[in-house]
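A.B. asks: Chain order of the listed sequences is Z and C.
Numbering (my numbering) for the first sequence: 1 to 558.
Numbering (my numbering) for the second sequence: 1 to 287.
Hints are computed from structural coordinates only; laboratory data are not their basis.
Hints are not guaranteed to be accurate.
[Unchecked claim] Part of the chain Z face toward chain C, derived, beta carbon under 10 Å:
no.	residue
1	Ile115
2	Gly116
3	Asp180
4	Arg222
5	Asn225
6	Glu232
7	Ala247
8	Glu364
9	Ile377
10	Lys380
11	Asn435
12	Leu475
[To be verified] Here are the simulated lysine-lysine pairs, PhoX-like style, with alpha carbons at most 25 Å apart:
no.	chain 1	residue 1	chain 2	residue 2
13	Z	Lys219	C	Lys187
14	C	Lys187	Z	Lys380
15	Z	Lys99	Z	Lys117
16	C	Lys281	C	Lys267
17	C	Lys281	Z	Lys402
18	Z	Lys552	Z	Lys2
19	Z	Lys337	C	Lys271
20	C	Lys31	Z	Lys337
21	C	Lys189	C	Lys281
22	Z	Lys82	Z	Lys113
23	Z	Lys380	C	Lys275
24	C	Lys273	C	Lys187
25	Z	Lys101	Z	Lys153
26	C	Lys210	Z	Lys402
27	C	Lys228	Z	Lys402
28	C	Lys187	C	Lys267
29	C	Lys253	C	Lys86
30	C	Lys250	Z	Lys29
31	Z	Lys82	Z	Lys110
32	Z	Lys522	Z	Lys2
33	Z	Lys383	C	Lys183
34	C	Lys273	Z	Lys219
35	Z	Lys219	C	Lys183
36	Z	Lys29	Z	Lys402
37	C	Lys11	Z	Lys402
38	Z	Lys219	C	Lys271
39	Z	Lys534	Z	Lys522
40	C	Lys281	Z	Lys322
Where a beta carbon is used, it is the ideal one built from N, C-alpha and C, also for glycine.
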Amino acid sequence: MKYNLLVGGSAGQGMDTFTALLEKIFMKKGYYVFSNKDYMSRVRGGHNFIQLRFGTEEVTTFHPRLDVIIAFDEATVKLHEKRLRDNGVILCDDNIEVKHKNVIALPMMKIAKEIGKSKVYSTVAMGAVLKLFGMSLDKAEEVFHEKWDSEIKGYNLKAATKGYEMVEARFDIEEGAENDNILISGNQAIAFGALTGGVSFYSGYPMTPSTSVMTYLSKRQREANIVVIQAEDEIAAINMAIGSSFAGVRSMTGTSGGGLSLMTEALGLVDITETPLVVLNVQRPGPATGLPTRTEQSDLSFVLNASHGEIPRMVLAVRNAKDAFYQTIRALNLADKYQMLVIILNDQYLADAKQSIAEYNLNEIEINRYIATEDDINIKDYKRYELNENGISPRVIPGSIKGVTVLGDSHEHDEYGGIDESPEIRKNMMRKRMNKLEKLRQELIEPDYFGVDEPEILLLGWGSTYGSLKESVELMQSDGLSVGALVFGDIYPLPTKLLNKYSRYAKNIINIEQNFTGQLGKLIRQETGITAHKSLLKYDGRQISCEEIYNKVKEEVM
Amino acid sequence: MATDIKLFDSKEENSWCPGCGNFGILNALKKSLSELDLLPHEVMIISGIGQAAKTPHFVNTNGFNGLHGRALPPALGAKIANKDLKVIVTSGDGDTYGEGGNHTLHNIRRNLDITHLVHNNQIYGLTKGQASPTTAEGQVTSMQFDGVRFEAFNPLSFAITIGASFVARCFSADQGHLSHIIKEGIKHKGYALIDILQPCVTFNKVNTYKWYKDRAYYLDDSYDPSNKMIAYEKSLEWGDDGIPLGILYKEEKPTFIDRIPHLKDTKPLIKRKWKPTDAEKFLEEFR
């Protein structure tokens, strides 16, 4: 059982706080929660909304049908009422004019003023929402207690109680079960992964929707003893991270597409100097400024090719908050292992979407640095770019061994890092660097698959569409369709085992992506010759829903 | 006490033109490192791209030869990662004042504790003779056939104005003076900009050894480098008015690392101890 709520209003009306509290209450009640944000690129006004879904089973995506609309302005009702289910409810202040059969207008502002704190008007709605689902206020009290001092908590509790008393229970839901879940957004999961995985240096330049990763780490600098630098531009940001990584500290940088465009030259520097680096790109719709606060998966082709010359790189996309954490740590370890660039793709939707998931198991996390010590090298003749049998040169931390110096170089270079233009060196160094991809291929993670064993319809997707794809496959399966979906996390090098396996059965292969050109479809065609028969592409800046996928796929195959 | 200067000799073949001013800078740099009793592994020399930026190849220390204009950001990263390293940036006027101007501006503001040697030959050497930010207005080059159409950049005035804590000018032909100033720059706690006039014997036929020698003079003991206004005035002297050599301005103020409390009085970041379970306490807020 899952219910879908929408909280809407203009920027500055406190919807973030409202939703954060409400989802915490649902969490504490033992429900699974998923919320995602839709906001405009402005500080005040406009129309923003948050969709909050909760239920007794894990929730991996939003749902377009709504059970409750909490409207802090008229625009919210006008824009979203068509999505309200027949028995759905619109909850709003009684000063908002709404002509709808299911409206519950409460004197929220009036109550707040009577209590003596006009800011608590939205808490009246919170109490009402809890009552609509037949829940008690006990957990609300707990959450308020964590959030505020006793005075503010008191105002809010009064407001919630008033709202609670003014409505009747409408919806049935089973009691939630005790669990150890955490509630975390995609970007928080990446940032927490970076922290857990030992990132000691993070440099970046603020750019929506990547900024929250840097903010998270910046806030914890002193406590965690890490350094976060807000650079003068993205070019500086990545070059700083390269410098600190070269000097031996686990480093990371992050940005969105426009910033990555500026970082592009340095991606090649990572490769040729063989400096481990993880670069996060939280995508938003481009080109240029594009839609700064919206979502898209349109940087895949770009990151697959970014940099002049040819470089090895790993590209992976995070699919949910669990993946975001573990994959970030894996990316850091792989970057160190192969002394190479690993690009993590996220997007605005997943960056800002919060979901409740099982708590991460920190005991199973490993940090592997692969640093060479005195025993691993010839101290008298150290070669940073040694050509050896295993194909990975020993990486000494500059300054760590007396008598050993380390030279990193952006030119083609000999084994010592000296400038060398000879054809033999060029060939050997290119081979050494590019061969890292072959080694990496041995440890790729296959895409997630859900669906029947021999699907006639095979859906292909990647990254943040994971949740919508999963739920749409469940819907199609309940209709009796022979369907399955592969959702890629590791994208480059492309894992092909499951792709080869399931594509054999499929009469209809459909790539479903949030971009115009079908970038994963192109990559798969390029790497395997497997061609999607159809594409379902969305590029309006809004996340595709399970219902959209379900409807479109049915249209295509029926 | 000094270390053996030969320790700093590199095996790599030098690719500068015979007679290039860079040789003087290279020799003075090695002399400074040796006289400061440093060992090669304790130093990191970082550069961008250009003839000057090849310096890390020609001296045996840790080195990082990065991208054009981008010498300072990796230097910041390396210094933050390991504050025990002596970090020296060696790059040209194009690299520092042109392509990398933004990084120069902001790292002066940071007062990062590094020494920045700008090999200022007032021309682009590696790309064969185009105007650099410090080429004189009107000077004809291999690209500016009618002469440079805008005013030359004055790095010293710029640096003093935006708060640099150590600003000096040297001449590559006087290695004794240069190595003395480099040592002062390395010893200085903060960002030390040393703009080194360096003839390009191949592409700059205006600013020759003679041109500099005829105009340069040394600031004497009566000069007070702690007076910012006087330093600013001095920084405006150029060309036929005379070119002052020496430390124009110097002040003590907190370095960038001094302003990172958890890095200031502790071990270098590279020695940070961390295990994944240390993140446990940060999980609480998500529960």
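A.B. asks: For each hint given before, does the structure comply? Return the numbers of the non-compliant ones in rising order.
C.D. replies: 1, 2, 9, 10, 11, 12, 13, 14, 15, 17, 20, 21, 22, 23, 24, 25, 26, 27, 30, 31, 32, 33, 35 and 36
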